[in-house]
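**Q** Chain by chain, the residues run as shown.
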Amino acid sequence: MTENPPTFTRKDFTSDQEVRWCPGCGDYAILAAMQRTLPQLGATPDQTVFISGIGCSSRFPYYMNTYGFHTIHGRAPAFATGLKLSNPDLDVWVVTGDGDGLSIGGNHLLHALRRNVNLQILLFNNRIYGLTKGQYSPTSKLGQVSPSTPLGALDRPVNPVRFALGAGARFVARGYDVSKKLPEVLTQAHAFGGAALVEILQNCPVFNDGAFESVTDRKVGGAHQLWVEHGKPLIFGAEGAKKGLRLNRSMGLEVVELGDGDDTGDLLVHDETNPNLAWLLAGLEDIPGLEQTMAFGVLFRSDAPAYDDEVHAQVDNAVKRASAKKSSEKASANGAKSNDLNAMLRQGHTWTV
Amino acid sequence: MVVRFAGDSGDGMQLTGSQFTAATALMGNDLATFPDFPAEIRAPAGTTYGVSGFQIQFGAHDILTPGDAPHVLVAMNPAALKVNLDDLVSGGLLIVNTGAFSKNNLARAGYEVSPLEDGSLDKYRVMALDITKMTVAAVKEHGLGAKDAHRCKNMWTLGLIFWLFGRERKPTVDWLRAKFAKRPELAEANIAALNAGHIYGETAELPSGVDAFQVPKASHQPGEYRNVTGNQAMAWGLVVGCELAGLKMMYGSYPITPASTLLHALAALKRFGVVTFQAEDEIAAISAAIGASFGGSLGVTGTSGPGMALKTEAMGLAIATELPLVICNVQRGGPSTGLPTKTEQSDLLQSLWGRNGDAPLAVLAAATPGECFHLAVDAVRIATKYMTPVILLSDGFLANGAEPWRIPDVSSIEPFPAQFRREAEGFHPFVRDPETLARAWAVPGTPGLAHRIGGLEKHHDTGHISYDPENHDRMTRVRAAKIARIADDLPSAKVEQGDTSGDLAVVGWGSTFGAISQAVHELRSEGRRVSHIHLRHMSPLPRGLSSLLASFKQVMVPELNDGQLDKVLAATTGARVVGFHKVAGRPFRVRELVDEIRSRLVSGDN
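These protein sequences, in sequence, are chains Z and C.
What the first sequence shows, in this note's numbering, is residues 4 to 356, in sequence order.
What the second sequence shows, in this note's numbering, is residues 9 to 614, in sequence order.
Hints were generated in silico from the structure; no laboratory data involved.
Bear in mind the structure is a predicted one, so any value in this text is a computation, not a measurement.
Take these hints with a grain of salt, some might be off.
[To be verified] Once the Cα atoms are required to be at most 35 Å apart in a straight line, the calculated DSBU-like pairs of lysine-lysine come out as:
1) K329/Z with K256/C
2) K222/Z with K235/Z
3) K90/C with K323/Z
4) K90/C with K187/C
5) K323/Z with K278/C
6) K340/Z with K90/C
7) K245/Z with K187/C
Please take these sequences and the hints and turn them into a complete structure.
**A** This is the structure:
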């Protein structure tokens with residue numbers, strides 16, 4: 004069996020519009036990863052739709068040579084849900100940010116996830132409001148200094164992965180803008196038949212430069228990234244100073260120094276179907292000693308029917324049942340519909356004058 | 009003949025009223041109803057604010073309103089009597105359930121002395137009956153608990169009223185058996201109560217002047233009829249409209265009084281391929297509807313005043329992206345939460361202008377429950393032909409009120425198939441039909457037409473983002489011109505009743521139709537030169553309205569708000585308009601309008 008080569012190329016997914024993000028913005032890398040990945044997935048520009056809200060990241064659809072809808076602040080998941088209820092065959096991606104998706108649009112993100120609408124939702128998290136010039140966001144760290152918090156932010160940040168898990172999301176993953184593994188994460192999200200949330204850490208060089216530097220920096224970052232793989236022990240760290248994770252007696256994570264050793268006996272093994280493990284992995288940076296470390300990859304995946312498919316199945320069944328009921332009645336193909344509608348208007352009690 | 013049923017909100021008055029309505033329609037009377045209930049589902053028993061009422065007017069001639077003052081009042085407890093007695097005509101028939109006139113209930117209603125004993129009811133014909141006791145006796149053999157037995161008293165009362173007006177009991181009996189199919193003992197107890205009330209009427213010695221009424225059949229236009237409420241008619245109209253357009257419907261909505269029954273009605277029509285979506289909030293509901301329209305279905309959303317306010321930003325997006333959308337607004341008292349269960353023509357100005365930027369769209373307003381069907385069909389036609397959002401206004405009075413409706417034949421309505429763009433040659437998202445100015449509707453999935461739309465201003469000739477000042481000016485004018493052109497596609501302004509010129513034109517819109525029509529009829533029969541003009545198209549207004557209004561000495565605009573259409577007409581037609589405003593959460597009484605019009609005519613004569 005041979006694989007069909009992709010019919011489309013990166014160029015086919017690149018629109019003729021000049022990209023207008025700031026120089027050095029992490030969004031460029033994510034756009035490039037997307038344009039490279041879609042041909043590999045067998046996607047076609049005509050069947051692919053990008054829907055966004057408002058913010059820097061939400062300009063994304065204009066740069067994709069696919070169908071696109073740049074909607075209003077925070078509501079992209081709701082527009083995407085309606086689109087899938089109209090045509091479940093479309094391949095729909097939602098692009099949102101930490102402000103768009105978790106502040107003004109938190110409600111819609113919650114409900115798209117819990118309903119398991121068949122969408123890929125990419126949340127670009129730069130922990131700042133870029134388009135409105137640098138105010139702190141709901142993922143900004145405590146104490147973040149910004150034009151609206153000159154003495155430091157006092158509200159505690161939301162963890163996007165934990166938010167998604169709490170909402171009942173069935174697929175939650177994490178990547179970062181310049182990661183070579185981002186296409187693989189996008190591919191996994193695409194393959195999932197429901198709402199797939201991907202948090203993508205993204206650097207804003209203008210208003211929050213280096214927010215993730217300790218984790219994503221090319222030189223030192225590798226050691227601070229735990230890329231999870233289903234069925235594999237949870238190991239991270241630099242060569243020669245490997246570390247592993249295991250559960251302590253109060254069901255928290257603790258670090259095991261492996262050094263050069265390869266004794267993985269009591270280390271946790273990643274089970275992507277376990278939401279409790281995903282919850283723990285989502286907050287490695289809260290564990291003393293791991294402040295600079297984050298988990299990446301598919302943190303949680305658990306298959307369930309997609310909402311849009313079930314809605315259509317329910318309607319199709321109702322239509323089928325109704326037509327089976329009157330299959331004995333004779334009606335011309337053209338007149339059948341108006342007969343049905345006339346019957347609808349006459350259900351219940353009527354009288355003739 | 010006007011009958012009002014009043015009792016506690018848990019007494020089943022709405023059910024009693026709707027069963028009496030069905031039986032009355034069956035007799036061939038014309039009718040109009042007015043359900044009036046509190047916002048609380050079960051307000052504390054016996055209180056005046058927990059009183060629920062249902063009024064019906066029926067008769068042989070055209071019935072256009074539920075009537076001003078009842079001729080028959082049924083009061084199931086002291087609070088219901090207190091709230092409603094002032095409305096009963098002198099000499100009217102008052103049926104009182106003395107079983108509920110306990111010391112406590114009298115006190116809760118604010119009576120120090122029972123009105124049954126202090127002579128205050130002398131000007132009415134009173135039937136003081138212990139309905140509670142007689143009901144309990146009638147259902148005894150069915151072994152119900154005290155609570156269930158008491159609940160049957162509305163059926164006892166209905167039985168008596170059926171006797172009084174010579175109505176058939178059978179449809180109600182059938183309905184009870186179907187409703188309580190799983191609890192036949194309840195069905196039989198209710199039927200026993202219904203029969204007992206009827207028998208009471210046949211055999212009891214009634215006070216002088218109380219006798220069975222006979223109301224002759226109405227002379228309707230020939231055809232097949234049914235009773236219909238505005239929300240039911242609107243749901244059907246949307247389904248039929250989408251069929252005629254050849255589109256699937258996606259109805260996104262968030263529960264809100266009094267629009268929720270639209271969602272219920274459409275959810276029950278899945279067999280016609282209707283997709284309904286109960287969204288997480290009002291904004292998600294309209295956003296999902298717009299997303300569905302982007303995908304090639306017709307997106308529809310329904311709501312009431314507070315929900316309209318929440319949807320405004322998304323409406324602006326549908327205007328900017330020129331997508332078809334129908335927004336049903338079943339208006340209620342405002343501002344804010346206002347009066348959720350009461351009617352008001354609250355949102356005309358919000359519908360016309362309540363958005364950021366210059367954001368025109370089409371606005372339609374139904375005048376009667378049955379018209380909600382026809383205007384829903386037209387809303388779908390306009391939305392898809394002109395690629396625009398359309399607001400369809402109704403209100404609580406139309407939504408819940410019923411009237412006999414001549415059922416249309418769907419095959420006699422001209423289809424209006426929606427046009428999708430398929431050719432790639434010369435395509436960009438804002439390429440327009442030169443006649444309608446509608447932009448091309450190119451649906452995701454169409455080969456070769458991939459494009460991006462959004463809320464940012466777009467260049468008129470490429471569809472790309474444009475901040476060019478002249479382009480913005482041009483696009484703003486095109487959006488306005490597109491809506492203005494819809495007027496070419498609508499009937500011109502016409503007079504509903506009366507001559508095309510005269511001393512005074514009464515210009516109404518929406519659910520005030522019946523009251524205005526009857527008031528004008530009354531004054532014309534006195535020889536007054538009064539005419540009735542009723543608007544269904546609020547944006548754009550019908551052609552010829554300015555010249556029509558100019559041919560009257562006075563123009564009066566009665567509205568159930570503090571003055572909205574009068575401002576619009578003054579600004580757009582140049583007519584000298586005087587408003588007449590009632591903001592009481594209740595419809596106009598014919599009498600109020602007759603008095604007001606008459607006083608205007610007198611002052612105009614001087």
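**Q** Each hint should be assessed against the structure and marked as holding or not.
**A** Going through the hints against the structure:
1. For the proposed pair K329/Z and K256/C, the alpha carbon gap of about 21 Å is at most 35 Å, so the pair holds.
2. Our distance criterion of 35 Å between C-alpha atoms is met by K222/Z and K235/Z, whose separation comes to about 25 Å.
3. A C-alpha spacing of about 54 Å is found between K90/C and K323/Z, which places the hinted pair above 35 Å, so the restraint is violated.
4. Between K90/C and K187/C the alpha-carbon distance is near 32 Å, which keeps this suggested pair within the 35 Å criterion.
5. Simply put, K323/Z and K278/C have alpha-carbon atoms about 10 Å apart, close enough for the 35 Å limit, and the pair holds.
6. At roughly 52 Å between alpha-carbon atoms, K340/Z and K90/C are farther apart than 35 Å, so this suggested pair is violated.
7. Proposed proximity of K245/Z and K187/C is contradicted: the alpha carbons are some 71 Å apart, above 35 Å.
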